[in-house]
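Respectively, the protein sequence lines represent chains A and B. The first sequence maps to residues 1 to 212 in our numbering. The second sequence maps to residues 1 to 212 in our numbering.
There could be a bad hint or two in this list.
Pairs involving identical chains hold if they fit within one copy or between any two copies, as the list cannot separate such chains.
[As the list claims (entries may be wrong)] Lysine to any residue pairs mimicking SDA-like chemistry, simulated, CA-CA at most 20 Å apart:
#, residue 1, residue 2
1, 36, 167
2, 192, 168
3, 192, 46
4, 36, 48
5, 163, 123
6, 192, 181
7, 202, 112
8, 163, 186
9, 36, 166
10, 143, 77
Just so you know, the hints here were simulated from the structure itself, not pulled from any lab data.
One-letter residues, chain by chain:
Number of protein chains: 2
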Amino acid sequence: MRIVFLFYDGMTALDAIGPHEILCRLPNTEVHRVAKHAGPIRTDSQLLLTAESAYSAITQADVLLIPGAGNATTLRNQPEILEWIRAIHATTTWTTSVCTGSLILGAAGILSGLRATTHWAALDRLENWGAHPTRARIVEEGKVITAAGVSAGIDMALRLCEKIAGASFAQAMQLGIEYDPAPPFDTGSPDKAHPALVDALKTRMVARFEVN
Amino acid sequence: MRIVFLFYDGMTALDAIGPHEILCRLPNTEVHRVAKHAGPIRTDSQLLLTAESAYSAITQADVLLIPGAGNATTLRNQPEILEWIRAIHATTTWTTSVCTGSLILGAAGILSGLRATTHWAALDRLENWGAHPTRARIVEEGKVITAAGVSAGIDMALRLCEKIAGASFAQAMQLGIEYDPAPPFDTGSPDKAHPALVDALKTRMVARFEVN
């Protein structure tokens with residue numbers, strides 16, 4: 001099985017690395033980390049990742065994962081990457097995104113008419129691409145799975161593990177990464193956090209989404 | 001404030017990247033990703049990270065974070081790195097570890113007489129370094145904070161955020177990464193997973209800890 005992570009400058013590292021930690025441990029799997037060009041990728045936290053190959057070297061994937069970014073518009077202006085995403089999507093068993101990665105799937109035309117999710121602060125942007133914005137941790141529409149903001153990629157990847165390798169394998173994976181979360185606050189969702197906190201953060205984040 | 005992540009070949013990417021995604025967004029902070037030598041780091045999932053500088057260039061840190069590894073013995077055989085960890089620890093406000101990173105703190109002599117935690121499958125190994133193994137998501141002993149396996153680093157980093165920048169900031173951070181976890185199974189802890197699953201996974205993981 002071939003699992004392909006699309007990396008790009010400005011991406012959010014955890015969007016990809018959460019799922020990567022899980023999916024790379026599936027049996028009989030080759031994982032490819034690709035980008036426009038092979039080489040270093042500067043994430044939005046300044047952490048450097050590396051794409052081992054150019055995406056053009058990949059013409060098929062069983063699983064495609066698109067991470068999000070603080071400013072997810074970056075890739076939406078690159079028609080050749082969107083074209084590649086469409087072409088790979090035609091070959092996948094699962095096409096997936098984390099956080100604002102779904103806006104990139106949307107720009108590639110993959111979400112038209114589908115329910116989808118993204119980071120809560122960007123949810124209404126999905127309408128720009130004909131998707132039906134859906135507040136949920138994970139949204140499955142046929143072979144397209146979109147996850148909510150950043151940390152939701154971990155939940156999504158465990159669910160995908162179950163689909164690919166069965167519940168026992170996925171349960172062992174969850175135990176292996178000791179994923180028994182104990183968030184210090186009950187503010188991880190806009191439905192739970194104080195409205196003033198939600199409004200303030202949304203204003204800051206939306207300002208970033210507007211860039212270019 | 002200076003936050004230093006120690007990277008090394010064989011480390012588990014998510015141990016570091018979960019906390020990194022959070023701590024790098026603290027205000028007035030410089031983050032350093034260091035290793036024995038500046039350059040690429042091959043994690044245990046084959047993902048390449050990059051250390052921008054050699055640890056020898058760093059002589060002080062406000063926060064030090066040591067990630068774990070599938071085989072955490074790697075660094076325990078390198079006296080000069082343990083010596084550096086001890087020297088930095090003398091300058092920190094917080095010395096922290098995720099997963100089997102605590103075994104490295106232990107080897108550096110930092111956990112002697114302290115309660116500490118680590119990945120559940122390695123918990124008894126803490127006794128080798130005079131620590132008191134403690135089953136908890138996060139263990140705080142003065143300025144030393146150890147977190148349980150892999151994903152526990154996210155909880156630990158949010159707690160550390162609260163200590164450094166206050167509860168409101170940490171709550172906004174949790175909302176920003178939409179950390180409202182929805183694990184697909186209730187198997188994230190050995191207290192919850194089926195004993196047969198726990199035993200099988202422990203056997204596999206302990207075999208790795210025995211290497212070198």
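Checklist entry - Which hint numbers does the structure go against, in order from smallest to largest? => result 1, 3, 5, 7, 9 and 10
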